Every structure is written in C-alpha cells, then in structure tokens.
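K.L.:
Sequence:
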Amino acid sequence: MIIKYKVSEVAKDLNKPAKQIIDLLAALGGEPKKVGANLDETELNYIFERMTQENAEADLAAYLDSAPKPKPKESEILKKADGTVVEMPRPKHHKTEKKPEDAAPAPKREVVTKVVDTRTVDVNLDKFNEKYTELAGTKNVENRRKPTPAGNKQKFANNKNRGRQPFQKKRETEAERLQRIQLEKARKAQLKVQIPDEITVGELASRLKQTASNVIKKLMGLGVMASVSEVVDFDTAAIVAEEFGAKVEKEVHVTIEERLFEVEEDSAADLVERPPVVVVMGHVDHGKTSILDAIRKTHVTEGEAGGITQHIGAYQVTAGGKTITFLDTPGHEAFTSMRARGANMTDIAVLVVAADDGIMPQTVESINHAKAAKVSVIVAINKMDKPTANPERVMEQLTQYELVPEQWGGDVICVPVSALTGQGIPELLESINLVAEVRELKANPNRRAKGAVVEARLDKGQGPVATILVQNGTLHKGDCIIAGTAVGRVRTMKNDKGQYIEDAGPSTPVEITGLTEVPAAGDLFDAVADEKLARELADQRAAEAKERQFSTYQKVTLDNLFSQIAEGERKELDIIVKADVQGSAEAVKQSLEKISNDEVRVKVIHTGVGAVNKSDVMLANASGAIIIGFNVRPDPVAKEEAAQAEVEMRMYRVIYDAINDVTDAMKGMLAPKIREVEQGRLEVRQVYKISSVGQVAGCYVLEGKITRSSKIRVVRDGIVVTEDEIASLRRFKDDVKEVAQGYECGVTLEKFSDIKEGDIFEAYILEEYRD
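In case it helps, this note's numbering puts the sequence shown at residues 350 to 1120.
Read the hints as simulated data drawn from the structure, not as lab findings. The structure displayed is predicted, hence computed values, not measured ones. Hints are all accurate, no fakes.
For lysine-lysine, the following DSSO-like pairs were computed, each having C-alpha atoms within a straight-line distance of at most 27 Å:
hint: 1; residue 1: Lys-826; residue 2: Lys-846
hint: 2; residue 1: Lys-646; residue 2: Lys-843
hint: 3; residue 1: Lys-943; residue 2: Lys-723
hint: 4; residue 1: Lys-1082; residue 2: Lys-1038
hint: 5; residue 1: Lys-365; residue 2: Lys-382
hint: 6; residue 1: Lys-382; residue 2: Lys-368
hint: 7; residue 1: Lys-826; residue 2: Lys-809
hint: 8; residue 1: Lys-846; residue 2: Lys-646
hint: 9; residue 1: Lys-1105; residue 2: Lys-1054
hint: 10; residue 1: Lys-826; residue 2: Lys-799
Restraint ranges, calculated between C-beta atoms of paired labels, are given here:
hint: 11; residue 1: Arg-838; residue 2: Lys-943; range: 53 to 59 Å
hint: 12; residue 1: Val-573; residue 2: Ala-376; range: 44 to 50 Å
hint: 13; residue 1: Arg-838; residue 2: Glu-1116; range: 53 to 59 Å
The C-beta atom is built at its ideal place from N, Cα and C for all residues, glycine as well.
All chains, please: the whole structure from these sequences, using the hints.
P.N.:
Here you go:
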C-alpha cells in the first residue's frame, strides 16, 4: 500500500509550522519539498523520530506527576480531548432493607478513579457520527417496511380490501432463493480480472461478466466511442473494470524466449577484456587473401608441423601478447547477409586498397557496408612493393568517402603493407590492437554462451557441422544450444587449429557437431538449460518462418512510403543509386538528397556505375533501402534476388522522373496508372543486313516470350542503349504473333539499327491499372 501523506497534513497533525517540517526534511538531502508534496515512509519515520527526540521528557516520574490529580469523591472523571472534565455520577441503587444494628459493619469500598489521557489520540468523531447516522437511517427504513404486529388490530376502509394485505411479499420459489444466494456471494467475492496491454470491448465484457452494451455505455461515459470489435488500451479497460467493482491485474505473457534465455545485463565487475573480431574487405585482386595468408604464416605457433592444420572460416593469431580473431568471409556479400540476420559479429573492418589501383567500385561497396554496420575501419594500403605504388593518391581518394587518414588530421588509421614481402604486417596488427584497446571490448565469460554462426555445412560422416563465434559467455562441450531452427547438444568442439577442446570463451571461433540440422550463416545461437523447451522454440520458429513466406509483409517502397511516414515508422529513406556513368550517379544522388523534409530524410547510402547486381540487392535488403537505376538495368540474378527479398527497384531514363516520384511519394501523392510488365529476354546471336528490310537481329529467346506488340529495350553490358518498338517478328520466312522461350526468331526494330551481337532485348508491355 502506498502511503500518501502531504507535508501540510504532517504539519497540521503535529501542530507545527510547515516550514519547520520542510527544514527537517532538508537534512535528508535532495530537492527541497513543497507544502503539497507527498512524503514516503522513510521521510515520515525521520520526521517522527526527530519530533520525538525534541519533545522527549527528561524524567518519566515528573511527567507522570504532571498529569491532573483526581478529586477525592465517589465519582469517575473523564477528561475529553479538548481538556474539559466531565463528572460521571455513580448510579443510584435500589432501596434495600436496613441492616440490623448488631450486624457487623461492611468493609469500606475503595473508590477507583480512572483517568484517560487523550492528549495524543486523534479520534475522527465525524466518521463515527456519519456511520451511526447511516445505521439509524437504515433502521428507520426497516421499521417503516416492518409489517404490523399480529397483536394490533387493523382497520379496513371497506370490504373490498378484506383478505388482501398491501405489503404482502410474493412467496419466494426455490430457484429464486438459490439465485439470490449466488448473487449475494458474488457481491461479497470481488471479481478479479486480468487485462493485457490491448483488449477488444467484447472480450473485456466477457471477462467482466457483463453485457457488451453495458461496457460500451461505460466507455461512452469516459468519452470513448468504441464498438464490440474495437480494441482499447489497458488504462481505459482498467478504468471500466473498476467502474464495475472489479479488481484489475495486468496480464503478462511470458514467451518461450523469456523463459529460456538469460536476459539480465552483465555487471561491470563481471566483464573482462576480450579479443577483437576482425573482417578483411576490399576490391577483388587487391590482396585480401594474400594479407590473411601473410598474417597466418607469420604468427603460426611452434609445434604445428609448419602450418594451420585446418581452416574453419575463422582463426586466431597472437600479436603483441594479445589475441586477434579474424573472420575469413568470402567478401562483403557474406558480411552483409550476416548483418541482415542481425548478427553484427565484427568489431573492426580492415579495408584493403591496392596502392597502384586506388579506390575501385567494390572498395566503395566495402566502405558503405562497413559504415552501415557501424564498425571501426582500418585501411591497409597493399602492394607497396610495386614501383607504381602511390599511397598519397589512395589517401586522397579516401577523403571523398568521409574516411580522413590520421596523417591528415582524421581518425582513420592507414597502414602501408606488402603481403608479398611482409612489410607493414606487424604495424597492421599493432593498429588493430590499438583500436581494440580504445573501444574497450569486454564480455562476461561466466555465463551461458551466445554468439553467431559463421558458416555451416552437411558432412557425410559427422552430419551438420557449424563454425560458430562465441560472442559472450563460455561454451562447454555437452551444452544444449539453439541456432535459428537448429537445436542440439555440442558433441565435439574444435578450435581453428583442429584441436579438440572442452570450452570456448568470448571471441573464440570453434567448429561444433551435434545439431539437428544445418543452420544458416548469420543465425544467432544461445546455450540454454532446458533442451525440451529449446526444441519447442525451434519448432515455433520453423512454423513462423513458413508463415512469413505467405504473409503480406511489405518493405519500404515508394507506394507505401507515405503511409509509413504517417504511422511514424519511417524517419529516413535509404536509397541506392546505380547509373550508366559516374557523373549521372552523383547528379542523381545530390538531387535526391536535396528533397528531404521535416518528416523524412532522404539518404543515398551507395552509388555505383553499371548494372544493378546481387551485391546492390543484398545491401538494400540489409539496410531497408530501395534501388533507383538511371539508364541501367538489373542483371537476372539481381532481379531474382530482389523478388525473393521484396526489395523495390525503380529504373528511369529521365532524372526528373526519379526526383518527382520520390518527392510525390514523400507527399503521399504517388499514384502511377501505368506499369511495365516484363514478357521475356532475348539474346542477339547474329546480325543480318537485308537491303529491302535493313538490320535484322537473329535472336534466341532466353526466357518468357516476345509478341508482335511488345516494346523492346536494348541493353548492352547492363546499360540501356535505347527503347524501341518491333517493326517485324519472323520465324524463318513467316510473320508470327509471338515466339516462346527456347526458339529462335528474327527481329527488326522501328528506328534503331545499331544492333550488335551479344545485345539483350528485353520485351515488355505497358498496361494501365487501378489502385
């Protein structure tokens, strides 16, 4: 029970000025109290103790002597709280016979005087008077309804009323008596209801054992207009329940995850330093693998027969007395797929840039992936052994992507290295240790393990084999773990050197067996105590995954952008821009970022040149972005990936169309009435020149079909060359209406004649549709 006792009330009850009470409380510290502030139990105890000390009597005997002396007469004296003395005379006795003269004298009766000191008693007499008034009123009502006693005579006005008593009750049946008893019991036992965060009006009425109309009336009285099927929040439902006299309890749903996983935070005293987890990224052929090999060969411990015995996708090296964990991922694609599943398992990204090539398209992608994952970046400028090496040019290019080297006053460490000669490798490892030290990476080894799956495979002899990275806690052999929909006990555990181990601490990569199925790379795993509950959770996750495949989950698109803004779900619109040339990409980026408004900010997270590829789709999926192409097309793999991941791609030929579409989407006005429907893709395998016809493209239908009414988009190396219409469509010498997949045909275009072998014809039609 919460005590609500104000400063003013305490002062009034103690007959002290309110300022004196406030001054007393000031000794406790904190903000000064106001007269109307509520006091807690600690503050009240402090005040009462101080007042008791100040009013303490030095001598108890003297205090007792100060009490008023009783008057020596045969009466009882009662002293009221206001100090007045009321003398209560002794009751008069009935007359008795006189005693004989020779009777012995009766012993003198001792007179006892009772004194009640009510100086410290606070009796609320008004409360009792009110209670007595209510009782008296009830008694009077009962007396008025009480039937006339049988002994009294009753007069009748006339004979018509004879035999009929006006207040005679109808005889109660047995069923009515039972119903009355049940109602009385229900009134005595207060109804208890559990209400969740949200509840429908109909369900609330059912729990309150009331009709829906009664509940709706109560809601209307509160100013809430709701139907039976509408949902009300907990606070509103609780007020309604209390109006019906019910006791409300908050309904708490405990999920399997809450019962199974440890959710308490680690205390600072339990945290210890852990090794950093590093991923190496960069453009192809810039030396990622060579640097990893150089690090491993340089830091192989003695007694390992000259090298690493087994490669499990992650390994550890020791440099400067400290351990570093490297994730050997096949590039930023795997890195992004892990991040898309929520596994931010890396702390530092080493960006490899060739000193002779400089920043390349995949380097830019790696930079954007590292920024999106919010990891620290260290730049390794490789191939310093080459005579054409130009590290200054590389650092200058880095500044264009908001990576300012330390040498130029920034915070990005740039280390010149050579994987061929080993130059700079020790300095690179030292820089990794320095960044890790600044970040103060810590974990608690004294708890159940949790981490992420690096990679997994199905082995014919061992079954599902998974390489996992322990991020927190310690994994022991025999522990029950769950990773996605896979569950099982750790049967065997190997480290990166192929040695069987019994346990693995934070930032340690290990290869384990014993799972029921192969988990996906990037799945999070947890060690749990209850295997039965873990299997139940795995089944539940599998069922939810199937439901998600058939659900209507919508990622951000230009069509639903305004609704997401209105619902407060979208504050930033991430966009990936691909264009035919770098100048167009930069122009589109600058134009899009200028149209930000108060509700949503447009942010271009990546720009590139060329066709939309799988990497762009994976970045968009992981970042919740949309892809805008300018004079480019997506390749088939990217198109399929985008369809599966529900990533929106919009292709434009005019820059203002892209800007207008994004602007209208932000204002909620985007309502296209015409859309493009793809029909098929054709490859130009030979070009014929016929004098009477012109250029004829000998095509093979790769997928779908082509019809006589199709429009044609000519794509060369992912770049849109032109859009045209079909002048003629033939098979051999016959004009045909359509040609299906797997067949050859001859196509002549209306306007365009500069057709080359290897060109791709995309056949499509435009159709109108209604929203």
